[in-house]
Amino acid sequence: MARRTPLHELHRAAGARFTEFSGWEMPVQYAGVIAEHAQVRSSAGLFDVSHMGELEVRGPGALALCQRVATNDAAKLGVGQAQYTVWCAEDGGTIDDTILYRLGAERYMFCVNAGNAAACLDWIREQQKGVPGAEVVDRCDELGLIALQGPRAAEVVERLGAAAIAALPRFGCTETTLAGASVIAARTGYTGEDGFELFVGAGQVASLWQALMDMSRDDLRIAPIGLGARDTLRLEAALPLYGHELSRDISPLEAGLGWAIKLAKGDFVGASALRRQKEAGLPRRLVGLALREPGIARADYPVKCGERVVGVVTSGTKSPTLGSAIALALLASESLDAALSVEIRGRAVAAERVGLPFYRRAGAR
Amino acid sequence: MEFPEDLKYTREHEWVSIEGSVATIGITDHAQEQLGDVVFVELPGVGDRMEKADAFGVVESTKAVSDVYAPLSGEVTEVNDDLPDNPELINEDPYGDGWMVKVAIGDQADLEDLMTADEYRKFIEESATE
Chain G
1 MARRTPLHEL HRAAGARFTE FSGWEMPVQY AGVIAEHAQV RSSAGLFDVS
51 HMGELEVRGP GALALCQRVA TNDAAKLGVG QAQYTVWCAE DGGTIDDTIL
101 YRLGAERYMF CVNAGNAAAC LDWIREQQKG VPGAEVVDRC DELGLIALQG
151 PRAAEVVERL GAAAIAALPR FGCTETTLAG ASVIAARTGY TGEDGFELFV
201 GAGQVASLWQ ALMDMSRDDL RIAPIGLGAR DTLRLEAALP LYGHELSRDI
251 SPLEAGLGWA IKLAKGDFVG ASALRRQKEA GLPRRLVGLA LREPGIARAD
301 YPVKCGERVV GVVTSGTKSP TLGSAIALAL LASESLDAAL SVEIRGRAVA
351 AERVGLPFYR RAGAR
Chain V
1001 MEFPEDLKYT REHEWVSIEG SVATIGITDH AQEQLGDVVF VELPGVGDRM
1051 EKADAFGVVE STKAVSDVYA PLSGEVTEVN DDLPDNPELI NEDPYGDGWM
1101 VKVAIGDQAD LEDLMTADEY RKFIEESATE
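Residue numbers (my numbering), protein chains in the order written: chain G, 1 to 365; chain V, 1001 to 1130.
Please note that a few of the clues may not be correct.
Stated by the list, open to error - Output of the computed footprint for chain V on chain G, the stretches with three or more beta carbons under 8 Å from beta carbons of chain V:
| # | segment |
| --- | --- |
| 1 | 23-34 |
| 2 | 295-309 |
| 3 | 335-343 |
Said to hold, decoys possible - Facing chain V, according to a computed beta carbon distance under 10 Å, are these residues of chain G, among others:
| # | residue |
| --- | --- |
| 4 | Leu227 |
| 5 | Gly228 |
| 6 | Ala229 |
Simulated from the structure, these hints should not be mistaken for lab results.
For glycine and all other residues, C-beta sits at the position ideal for the given N, C-alpha and C.
Could you put the whole structure together from the sequences, leaning on the hints where they help?
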């Protein structure tokens, strides 16, 4: 029996089609994936991501526990700052990719993937045994999460009078109110656009969702966005999806996330394995592919050089923004410059390695 | 939801229009709605043999790949050349401009297994969950 978020009936009323994702019944589309994708790239869209998990870490040992379980340097975070960080196992495989928010002097919060929430909670409670003065609080059931994403997301927030949220820098976070609800607001997201993630009590997430939807105007349309467009948006931005670009068998180094791994910060779970991988050289790497003949690459399709299999597609789609087929693939390091094809239903379709991300919003980096 | 009376239907959500010995085949309004935005279509070639119940083509959305099954056996005489560049025709006009192939019917007896519009409508209602 799949779980439902507090917004389920609102989604039904809005005409959502549902799918099961990580044990949750979630909206996959409302108006259609392509329309919703364009809505986020051009204006503003609302995502119900309440299925994701929230784990708070508190106390004098909080920083030490955050440092132990994740690869990025949490000591760099001032209060009101967040960072992308990866949880690894001892062998360097990935347990989850997360965002870590520093909410207070001794208060941090990990946002974890829905499908990994139970495993992450068990894991961090296990690691906690070796870190005195750290308390772990499971807030998964207590908190809902709405993502407001798009180039006009900040305008929506400004029109609601939430100057503190609109003023957040990229990866900033703050505890404040929005439309009468207490929220943890962060300028983070999974779309490659500007936007905000709003953590709110489960009892208030429906009224916050409604308040945001009610801000839709002729000159600033806001629309609900499903998981279908969430996937095409993140793929264009080359953001990894756990279970595809990251897994227990794929290390963050192979997935190109070396920038989020700070080996110099001190010991953490997986550090020795990652250091060894770095020194030995990576046997495979995540790359971007563009198909040069008709066809769409999908997860698990082989990547070949002539007759030899040299890699595998991890995610693929037809990019709504580019109008062409794009894919992420794990490729053998010695084949990075080879003439490549993707095998689609027994046929070799020419593919070319391209730089990532496939799409970058105007003015970014 | 449209179920044109003059067409025949299959359990795999294809429609068939019969004119003498030629069948025109596509996917139904229900199928295109379930699929969502169609972004890619793979069709057989003119002259290819179509075998009843085998997959003869593919329709893809942003997320999923869906096989299209042959409602009958025969030889492909025409394919819709507009579809590769305009796959969204399948969503916009599944029974008209979204047609996929025309087939010279090999055995008229194959048509007996097809459903009427009423039978197909009932089939969908019975298969619907909740």
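Quick one: which hint numbers does this structure break? Sort them smallest to largest. Per hint list: single violation, 3.
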